[in-house]
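Engineer: Sequence:
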Amino acid sequence: MSDELTDYRHATGPLPEHNRLWPLYGAGLENLGRDGQPIEVPMPQYGPDELLVRHDACGLCFSDVKVIRAGEEHPRVYRDMQANPVVLGHEVALTVVGVGHNLRDQYRVGDRFIVQADIYVGGVGYAYGYEIQGGLSQYSVVDQRVLNGDHGNHLIPIQPSTGYAESALTEPWTCVTTAYRLSYRTGLKPGGATWIIGTSASSEQPYTISAGFNESSHPDRLLLTDVPAEFAGCLKMQAATLGVEVIEVGDITTPPVEQVDDIVLLGGDPDLIEAVSPHLAKFGVLVIIANTPLPRKVEVDVGRVHYNRWVYVGGPGPDIARAYNDVPVRSTLKPGGRAWFVGAGGPMGQMHVQRAVEAPDGPKTIFCTARTDRRLRVVESIYRVDAEARTIAFTCVSRQDKVVYRQTLEKVGAPGFDDIMVMAPDASAIAEAADHVAPGGVVNIFAGVARGTMASLDLSDVYLKDVRFIGHSGLTTEDMRLTLHQVESGNLSPNRLVAAIGSLTAAREGLQAVKDAVFPGKIVVYPHIKDFPLTALPDLKDKLPSVYAKLKDGCEWTTEAEEEFLRLMLT
1 MSDELTDYRH ATGPLPEHNR LWPLYGAGLE NLGRDGQPIE VPMPQYGPDE
51 LLVRHDACGL CFSDVKVIRA GEEHPRVYRD MQANPVVLGH EVALTVVGVG
101 HNLRDQYRVG DRFIVQADIY VGGVGYAYGY EIQGGLSQYS VVDQRVLNGD
151 HGNHLIPIQP STGYAESALT EPWTCVTTAY RLSYRTGLKP GGATWIIGTS
201 ASSEQPYTIS AGFNESSHPD RLLLTDVPAE FAGCLKMQAA TLGVEVIEVG
251 DITTPPVEQV DDIVLLGGDP DLIEAVSPHL AKFGVLVIIA NTPLPRKVEV
301 DVGRVHYNRW VYVGGPGPDI ARAYNDVPVR STLKPGGRAW FVGAGGPMGQ
351 MHVQRAVEAP DGPKTIFCTA RTDRRLRVVE SIYRVDAEAR TIAFTCVSRQ
401 DKVVYRQTLE KVGAPGFDDI MVMAPDASAI AEAADHVAPG GVVNIFAGVA
451 RGTMASLDLS DVYLKDVRFI GHSGLTTEDM RLTLHQVESG NLSPNRLVAA
501 IGSLTAAREG LQAVKDAVFP GKIVVYPHIK DFPLTALPDL KDKLPSVYAK
551 LKDGCEWTTE AEEEFLRLML T
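According to this note's numbering, the sequence shown is numbered sequentially starting from 1.
Quick caveat, the hints were computed from the structure, so don't treat them as lab data. The structure displayed is predicted, hence computed values, not measured ones. Incorrect hints may appear among the rest.
Claimed, not checked - The list that follows gives simulated cross-link-like pairs (lysine to aspartate or glutamate, EDC-like), each with its CA atoms no further than 20 Å apart: (1) Lys402 <-> Glu432; (2) Lys552 <-> Glu358; (3) Lys530 <-> Glu72; (4) Lys552 <-> Asp539; (5) Lys189 <-> Glu245; (6) Lys515 <-> Glu72; (7) Lys541 <-> Glu556.
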């Protein structure tokens, strides 16, 4: 390792007088930087309770593109961007280069961290790379919002031997791994609000609630609409014993409780499902008790299934509690099952595929689809050999040739899929996938489609086939710690995801490439190297042969390749 690289790792060298960064002054890529270039500003000053940090590597994310598209209309931006521009970059690895006086017992120059970017203070969001200056800058100040947020310290220490790119890409990888650890309630929410609604078919059943409405656990409020008289009488009697407030609701469009934790429909009625679903609270559960198919598909807000963590469960009855706990929501891939990855060609899709292939108890059939061949062929070339070595039936097909796509889907998907992961932010893709789910299967809406995005789903499958629709891509600090442990113990390789690299000046072109879906994997920016254009890894063969020689199989980023790259390119 060169002396320059050693000094860089230890952060022992002198600091510059200026800091280069990419300010975003409003919506549109034309508002990134000045004249298409990053700007220079004086080095930031840090106080006694703050850290000065150096951004070593930053992954570019489609979430960055969303901010560029929306500007001040983005829900995480709360300011005049002309006067106070946003500096993007939340997938970041950093090194401490300055320690405030009051923090010297806790931090040292040279300490390395990743950031859990979803920061809240007093319930207000200050996300790193949104409200707090992000990784598309050489240096920044980490203040008490990061070090002492509502959920504690958002800096997560990394080992000295861990690479910069693999550290930065721990954040998107955590979004993927967390999607398989989602948990949902298995009963009525204790202390919450429950709304039970009768339908024309509900008088035939002797309804009960065997758990979740007793002395050990019960909601605080019970709303009733058209509930059969005998069941309503039992509920009111039990509510009086438990001290539960009972509210009769005549008009379902204006319930007195704005957000309800549990909505129970005694019978299947698509119009009713669509009318009452908007009243579900975050983490809300809608229960359908029925035993005959719905007459039509239901328009479901899949954006809120993702962001609000709504879930639809059901069963034949008459015990409402069993609709929750007979078939608990499964978020892990079914061992030995059949998995379909919709939108597998992009970086997030590639991570899902990699995880499924490498899982010791993963699926035995993996079906990967994408809109076009270009990126999907790369995914196939990377993972087919590993999949076949694990006796996994591995099929990739794009939608470019609609006839071939349809024939392949009918052949591979004939028995139905146990797990369908949807990375495509498209309601029609979600609806199509849902038509091919097997009994007991799960459709995971991983893509962050906007709230209010509606998809036509056959919710009869929820109570007749025990199908579940779930989805989320958020994370916590503890989630990131767990993923980082996998990386540093050698059980997960984020480096497999790197598709292209560049210097800070290449960030604008990189963001355009993310927007245009140019690469199947991630773009990593190194803010402290000499100017270096956005470069796909295979192209290093001509541009930097000594770096290319250290790639795995000529296409996979490694810590050794990164060391050689920095040795050559550090300023």
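Engineer: Going back to the hint list, which numbers does this structure go against?
Structural biologist: Violated: hint 3 alone.
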